[in-house]
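For the protein sequence lines, the chains are A and B, in the order given.
Using the numbering used here, you'd call the opening residue of the first sequence number 1 and step up by one each time.
Using the numbering used here, you'd call the opening residue of the second sequence number 1 and step up by one each time.
Bear in mind the hints are in silico, worked out from the structure with no lab data behind them.
Just so you know, not all the hints are guaranteed correct.
What the hints assert, rightly or not - Derived CB-CB ranges, DEER-like:
| no. | chain 1 | residue 1 | chain 2 | residue 2 | range |
| --- | --- | --- | --- | --- | --- |
| 1 | B | Asp146 | A | Phe53 | 18 to 26 Å |
| 2 | B | Thr374 | A | Arg167 | 45 to 53 Å |
| 3 | A | Leu47 | B | Lys50 | 41 to 49 Å |
Glycine included, each C-beta is placed from N, C-alpha and C at the ideal position.
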Amino acid sequence: MTRQLAPQPSTKPNRPPGPAAKIPHRRWTARNRRDFFVFLAMALPNLVLIAVFTYRPLISNMYYSTLDWTLGSPSATVVGLANYVTFFGSNDAPKVLGTTAVFTVVTVGGSMLLGLLVALALNAKVRGTTFARSAVFAPYVLSGVGVGLVWLFIFDPGYGVLAWLLRGLGQQSPQWINDPQLSLVMVIIVYVWKNLGYCAVVYLAGLQSLPQDVMEAAALDGANGFRRFLSISLPLLSPTTFFLLITTMLSSLQAFDLIRIMTPLGTGTSTLIYEAYLQAFGAYNRAGYSAAISVVLFAILLVITVLQLRFVERKVHYS
Amino acid sequence: MAFHLDRRHFLGLAGATASAAALAACGGPSTTGGGQSTSQATDIDFSGVKPAAKIDFWSSHPGQSQEVEKSLIEKFQAKNPGITVNLVTAGANYEEIAQKFQTAQAAKSGLPGVVVLSDVWWFRYYTNGSIIPVDGLTKQLGTKMDDFQQSLVNDYKYDGKQWALPYGRSTPLFYYNKDHFAAAGLPDRAPKTWDEFAEWAPKLKAASGAQYAYIYPALAGYAGWTLQNMLWGWGGGWSKEWDITCDSAESVAALQWAQDSIYKDKWAGVSSKEAADDFSAGLTSTTISSTGSLLGILKSAKFNVGVGFLPGGPKADTNVCPTGGAGLGIPSGITKEEQMAAGMFLDFVTQPESTAEFSAATGYMPTRKSADMTAVLAKTPQIKTAMDQLAVTKVQDNARVFLPGADQEMAKAAAKILTQQGDVKSTMTDLKNTLQGIYDRDVKPKLKA
Numbered sequence: 001m002t003r004q005l006a007p008q009p010s011t012k013p014n015r016p017p018g019p020a021a022k023i024p025h026r027r028w029t030a031r032n033r034r035d036f037f038v039f040l041a042m043a044l045p046n047l048v049l050i051a052v053f054t055y056r057p058l059i060s061n062m063y064y065s066t067l068d069w070t071l072g073s074p075s076a077t078v079v080g081l082a083n084y085v086t087f088f089g090s091n092d093a094p095k096v097l098g099t100t101a102v103f104t105v106v107t108v109g110g111s112m113l114l115g116l117l118v119a120l121a122l123n124a125k126v127r128g129t130t131f132a133r134s135a136v137f138a139p140y141v142l143s144g145v146g147v148g149l150v151w152l153f154i155f156d157p158g159y160g161v162l163a164w165l166l167r168g169l170g171q172q173s174p175q176w177i178n179d180p181q182l183s184l185v186m187v188i189i190v191y192v193w194k195n196l197g198y199c200a201v202v203y204l205a206g207l208q209s210l211p212q213d214v215m216e217a218a219a220l221d222g223a224n225g226f227r228r229f230l231s232i233s234l235p236l237l238s239p240t241t242f243f244l245l246i247t248t249m250l251s252s253l254q255a256f257d258l259i260r261i262m263t264p265l266g267t268g269t270s271t272l273i274y275e276a277y278l279q280a281f282g283a284y285n286r287a288g289y290s291a292a293i294s295v296v297l298f299a300i301l302l303v304i305t306v307l308q309l310r311f312v313e314r315k316v317h318y319s
Numbered sequence: 001m002a003f004h005l006d007r008r009h010f011l012g013l014a015g016a017t018a019s020a021a022a023l024a025a026c027g028g029p030s031t032t033g034g035g036q037s038t039s040q041a042t043d044i045d046f047s048g049v050k051p052a053a054k055i056d057f058w059s060s061h062p063g064q065s066q067e068v069e070k071s072l073i074e075k076f077q078a079k080n081p082g083i084t085v086n087l088v089t090a091g092a093n094y095e096e097i098a099q100k101f102q103t104a105q106a107a108k109s110g111l112p113g114v115v116v117l118s119d120v121w122w123f124r125y126y127t128n129g130s131i132i133p134v135d136g137l138t139k140q141l142g143t144k145m146d147d148f149q150q151s152l153v154n155d156y157k158y159d160g161k162q163w164a165l166p167y168g169r170s171t172p173l174f175y176y177n178k179d180h181f182a183a184a185g186l187p188d189r190a191p192k193t194w195d196e197f198a199e200w201a202p203k204l205k206a207a208s209g210a211q212y213a214y215i216y217p218a219l220a221g222y223a224g225w226t227l228q229n230m231l232w233g234w235g236g237g238w239s240k241e242w243d244i245t246c247d248s249a250e251s252v253a254a255l256q257w258a259q260d261s262i263y264k265d266k267w268a269g270v271s272s273k274e275a276a277d278d279f280s281a282g283l284t285s286t287t288i289s290s291t292g293s294l295l296g297i298l299k300s301a302k303f304n305v306g307v308g309f310l311p312g313g314p315k316a317d318t319n320v321c322p323t324g325g326a327g328l329g330i331p332s333g334i335t336k337e338e339q340m341a342a343g344m345f346l347d348f349v350t351q352p353e354s355t356a357e358f359s360a361a362t363g364y365m366p367t368r369k370s371a372d373m374t375a376v377l378a379k380t381p382q383i384k385t386a387m388d389q390l391a392v393t394k395v396q397d398n399a400r401v402f403l404p405g406a407d408q409e410m411a412k413a414a415a416k417i418l419t420q421q422g423d424v425k426s427t428m429t430d431l432k433n434t435l436q437g438i439y440d441r442d443v444k445p446k447l448k449a
């Protein structure tokens with residue numbers, strides 16, 4: 001799975017320099033034509049679906065971001081880049097971008113770090129690891145709405161389980177739901193809990209495919225367990241780490257369900273995607289402005305993915 | 001990777017760009033009109049229009065009213081055999097139903113005949129041109145407009161027209177645990193003012209064993225609505241007409257008092273989800289919640305429940321209670337026949353018998369003066385308090401009901417003050433700037449001169 005992200009070595013022959021390098025157009029033979037139609041028959045339905053359901057909304061959204069449009073209104077005014085100027089010039093931008101950065105960094109870092117630790121524990125040859133593996137992975141496949149509702153009961157400062165435990169210790173429950181800063185902490189905890197199973201399973205697969213002969217050789221040379229992990233396992237796991245970094249970062253930046261269920265007003269938890277939702281559908285009805293925020297999120301996702309592919313992948317050891 | 005742009009590539013790219021631009025311009029709003037439209041405040045003539053055979057009724061079932069809504073629909077259909085009304089659960093609350101309605105407006109399809117609209121949403125539908133004035137319909141159907149509770153029906157008047165009719169209408173009520181009051185040796189009544197309650201609260205907290213003497217309603221649940229009570233009691237408000245006054249000395253003093261009740265005097269808390277549930281569960285001795293919560297509280301509370309008018313403040317001890325809740329409107333984007341059928345249904349569910357039945361099932365207030373409430377009051381006498389309080393209600397501040405997103409901004413500011421002990425003055429100054437920005441950008445350009 002991780003190998004799919006590796007750059008493939010070029011199979012093109014080296015071309016000689018100069019005019020001779022120009023390859024003549026291939027002749028459009030009957031066989032070419034037949035192959036092309038077969039290709040069209042196979043690919044066109046999918047291409048149409050992708051164009052209609054992915055690219056059309058994407059392009060429409062870019063167009064809407066240039067409008068002053070109240071959701072529900074049949075008419076709008078073209079305002080060019082004014083929505084972008086308003087967003088970056090407002091108090092919202094630093095708050096929303098800051099929340100997005102904190103949420104993404106902590107959830108990605110937390111899920112990956114805890115996932116790796118859990119994977120190391122599950123990699124031990126002891127009884128009950130199969131059950132533990134299923135238990136750790138289970139939250140990942142649960143519905144975010146259900147998870148959010150259950151955790152809201154746990155965190156409820158009035159009669160939640162956590163409040164009950166704290167009362168037993170003579171402490172008052174923090175205002176998880178009403179305090180904006182604690183709301184962010186609450187959502188991050190639940191998000192990491194829900195997603196660390198995914199990282200753990202992927203890391204576990206990586207750990208189990210590590211070459212044992214290298215490990216044994218290092219052990220014979222006197223390297224202790226921590227040293228072997230730091231100098232051999234971790235570098236060899238770098239393709240897995242790289243894969244997880246990309247996938248968890250993309251999903252964190254697009255996290256919606258938990259935020260929507262646990263903090264419907266987005267107080268303290270308004271990431272870019274949630275702010276886009278609130279602006280259009282929450283209460284403000286600024287469809288054009290919301291579209292502009294979505295385009296900003298799209299640009300950030302694109303830049304992060306390109307940067308990761310260009311720079312981070314250089315540090316990856318594929319074998 | 002080098003990219004060579006030859007003629008063939010250029011033409012391909014240009015074609016793709018042109019197609020993309022054309023594709024993007026398909027659908028969505030029209031940009032040819034040069035500005036956004038509001039609903040047309042002209043009488044629509046429905047004479048000779050035959051009602052459609054079927055309409056949808058979009059409801060969020062305020063006050064768990066699904067069963068009584070079904071009952072009303074059955075009675076309407078029995079009276080009008082040619083019209084079928086399909087009850088659709090279009091959301092769990094006012095915000096969700098608004099989201100669905102506005103999405104249908106944007107998609108220009110799937111609109112209902114009748115839609116539930118809350119106090120903070122109908123004006124936006126008006127400014128978007130999404131609803132019609134119902135005057136033409138009420139005139140033709142002979143709806144007795146003067147029989148409506150005037151403070152409730154006038155909430156939907158603008159530009160000389162009636163844009164909706166009242167349906168599940170409520171006011172906040174002061175709920176108190178009679179057993180706790182008795183244990184603390186307090187009189188069996190709601191406090192007249194918040195200062196009086198501040199004297200009672202320490203005794204109440206000590207005698208009751210409850211976590212709080214009073215719990216502020218959940219901030220995500222319309223904090224802007226209930227906090228008007230304190231703001232008005234102290235002589236302040238969110239706004240006066242279109243002037244934002246949330247940072248006035250009076251408003252700041254009111255919210256400072258609220259903050260002190262939590263952090264300094266330590267007898268109050270803030271509900272995390274639903275103050276009515278916290279009260280029913282015995283977590284607090286008192287709270288403020290909608291009349292729509294009354295029957296739910298009476299059903300689930302294991303103690304004697306008392307209700308009273310909202311307390312006043314140092315500047316005003318009466319007329320410190322806002323009205324709220326939902327009305328019913330008719331979309332502009334449906335056929336005249338559907339609007340006619342919708343008007344007939346609207347007329348039926350707002351009849352005195354219907355509003356009495358709705359009130360009995362939910363605790364919401366009857367919207368008609370002539371509604372016979374004898375049977376209802378015999379069963380639930382507490383509803384009388386809500387009905388009596390109607391005489392001392394006050395029209396809500398424009399900033400809360402007419403500015404899109406203001407309720408959310410007020411809740412955020414309240415969270416900062418009541419849960420983070422933020423500085424009241426600076427928080428209110430920030431809120432004023434935000435609300436002023438919303439007014440200038442989203443409302444002012446659409447107001448009639």
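TODO: Using the beta carbons of B:Asp146 and A:Phe53, state whether their distance is inside 18 to 26 Å or not.
DONE: violated, 54 Å
Open item on the list: Quick check on a hinted range of 45 to 53 Å for B:Thr374 and A:Arg167, using CB atoms only.
Closed with: holds, 47 Å
Open item on the list: Given the hint of 41 to 49 Å, is the C-beta distance from A:Leu47 to B:Lys50 inside that range or not?
Closed with: holds, 48 Å
Checked against the numbered hints above, the structure violates only hint 1.
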